[in-house]
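Student: Take the sequences, apply the hints, and build the full model.
Residue numbers (my numbering), protein chains in the order written: chain A, 10 to 544; chain B, 3 to 309.
Hints are supplied without guarantee of correctness; some may be wrong.
[As the list claims (entries may be wrong)] Some chain A residues close to chain B (C-beta under 8 Å, calculated; not the full set):
#	residue
1	Arg435
2	Gly437
3	Pro487
4	Thr493
5	Val518
6	Leu522
7	Tyr523
8	Asn524
Keep in mind the hints are simulated off the structure, nothing from the lab. Beta carbons are placed, not taken as given, at the ideal position from N, Cα and C, and that holds for glycine.
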Amino acid sequence: MKPSPTMARAGPLLTAFLLAALPAEAAAQHRFAVFAGNDRGGGDTRPLRYAADDARKMHAVLTQLGGVAPDDALLILNQAAGEFWRALSAIETRIALARQHGERTLLLVYYSGHAKDGELRLGESRIRLDEVKARLLAGQADIRIGVFDSCRAGALNRTKGARRAPAFAIEASGSEEARGLVMLSSASADEDAQESDEIGGSYFSHYLVSGLRGDADRSRDRRVTLSEAYAYAYARTVADTAESAAGAQHPTFSYDLKGNADLVLTDFGSRHEGIYVPGEAPAGIYYVVDSNGFIAAEIQKPAGMDRQLALPSGRYRVRRRLADRLRIGEIQIVAGQLATLDETSLRDAPFSDDPVKGAMRDETGVRTSLGLGGLVQSFFDGPTRDGLFPPTGMLGIELELRDFFRRGWTWGFDFASGSTRAKVDRYGTLLPFRFSELTAGTAVAKEWRFGEGRFSASAGLRLAFVLMGRKFDEPTVPDQFFATFTPGLVGSARYRITKHFAMLGRGRVHYLLYNVDENRSLGYWELTLGVAYEF
Amino acid sequence: MSSRWASLCTVLAGLAVCGCGNYSNDDLDFQLALPEQSDMEAKMQLAIMRTDSAEYYQATRHAVTTFNNMVAELAGLIDLVRGNVPTSRNGDERTWGPWSLEDQPGWQIRVVMRRSTVSTTLLRMDYSVDVSPFGADDSGWVPFLAGMYVSSGSARTGQGEIHLLVSKAREAGYPVDQDPGLADLVRIDMAYDNADFPFSVSLYVEKLATASTKSGQLDYLQNQDGSGRLTFDWEGQTDTGDPLAARMVSQWIGSGAGRADLTADLTPNREGVVTTLGIECWGVDSVATYSYRIGNSPLGDPVSCLF
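Tutor: In structure tokens, the structure reads:
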């Protein structure tokens, strides 16, 4: 098997680790866990889509395969900092009790959500990173693992021994059980943690979960250790984010462990319930999609090697993406049984049949913006501007659906009306008139966001209906009107002032075919300044 | 380009050419060239009418009323197109119609206007109201009314002419004689100039030879202060069948007081010997202050005459 470049770079460290690490019995520890996920990070951040889902998935995999009893795991979704501390305290109390009974203990704290300026953001509340790290350092559990999937969470690992590396090895310093603290973060101290609509989660958590379900089992012992899971998540996260607009995302780790036993996080060998991909199946990435349309896990299958993934019983759809089509099929996992994927049961399908429900997730994330502003319109052609369609000021209102079709795209509707006074000179006869205009348009635009969403710029296409009319002071001259559709280009800039309010600037260039006297191709521009309320 | 994009572009292009309306600067030129009744009618203080109003005052009032009625008729024909969107636009030409004529079955009517530039500030318009029997080709259109207008720098002020070509329409078969007002007419020619004071309007009416009055010419002049003059020349026959060429000249000031002189060439061959048949002056109340009739002694004081 030819290793991928990322894995090739990871090779020496990984090999060292695999040789040194001795599998440990996951069941020998009494395991506790706190899972926190929060989609919201306060006024100056944009809501995340999958943070709570990621926490839910981590909770599921560790309670199913990780030896964490459901009673020993607390899941906190979209709750404030106080709830997090209360949950942690409750778990710590149980850990203390377990230790009193002579049990070895492990505490895993997982957080997915916003982080900024050295703080975890749980809605409007904050938790200082150094505070949570200090709490873990001081914890009574024999092994404490912190997993932080959030922007710039690598700040947690700015300590001696912190590494931005594809894998880590635990030193084999003796025969004692491992003890200490391991901190994993999804991104470096200066990076954003990225989410993906296609996989329905953050990259790091998605691959961590997939790895823990079995895909990270490089030793093929049906157990996934912490280092295997990290190496897998690191490689896949870097590879998948390398071409993204935000750039590659590099997970980091730091550890302060003593002992020679690696940490087995999940043991799926004892659980005969999942999906098995035999070695003769085609190589590639298999996505296992649950009944809700979300990717439950993925399998990176090398040629000639089999793969096994632990999944709860249920009906799943399996998707493998080829260059020009999908291979999709269904598989039923019966409780207590391993379902073998039969390649012949898959069929070819166009990309439009993708069972992943990314589009639906986009709809749930639609944000609506209502804007009000002033607008100036003027034609490029001087004679047209002077006597036919004079420059006009208008008041406008607009409704914009952001992330409607898909993330980063907007669909807007606008309406504006205004009037002005002007004169037309016809062979020395000056005719004063009042010009009135009404426009209604719709625009589809691609939006780019900067500065954590505070700034955004967009460009797109617009189709407008314009109704222009004029009433002459001279009573014998009849009123005139002209109505038409005009296609155009639109560019916008938006600056968010507060959580809900934003300043809005918009420029438009339109084509108008004037066809009353003769066919004339005209162009006009519009500038809008206004405020928008987003809800 | 995919078929989906092609379809989208087609729809957008289709919408872009869907413009409709009457929003036109060029149309303004045509609309401003069409004279209104008020632009051409005689404006004399005629409100007062008493049983003892001066006879020539009454005659002048009658002539002005006749004059204005004819102007109204001509303006009414032009009003066919005022305020209506042209049926077709072709460069400097606009056409309204053709429409069928409800009161003349088998006939249709149209209005054609042509624009030409005299200078950068002067515009000339020629227009005609044409009639044609249904089924005839383009050469079948006969001008029933023809007019022209040269602008002078403000709305509907300038010099213009209107010609009602009754004989031409009659020759083409258009049943003009069904209209009692046109039955014995040959043509009416009108010229007006309201570019600057004094405003003037002249109206020439030619009738068939069988009519008792063969022709008449009305010349109207209006000054800025409301004073004016109406000259009415006509040729016809006396009750005894002798030829007659007569002229009445009425003059008035802004208050309505005025004077009228009736003269005629009574020589058998109209040798240019003018005889004054009568003179009458009236005051603001329209009652005669001085009156003279040929063969009679004058009444009143000639000093009371304003002119």
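Student: With reference to the structure, classify each hint as holding or not holding.
Tutor: Hint-by-hint comparison with the structure:
1. Arg435: OK, holds: Arg435 of chain A within 8 Å of chain B, min 5 Å.
2. Gly437: 4 Å, holds
3. Pro487: 4 Å, holds
4. Thr493: 3 Å, holds
5. Val518: This hint is violated: Val518 of chain A lies away from chain B, its Cβ roughly 14 Å from the closest one there, beyond 8 Å.
6. Leu522: 5 Å, holds
7. Tyr523: 7 Å, holds
8. Asn524: With a minimum Cβ separation of about 5 Å from chain B (threshold 8 Å), the hint on Asn524 of chain A holds.
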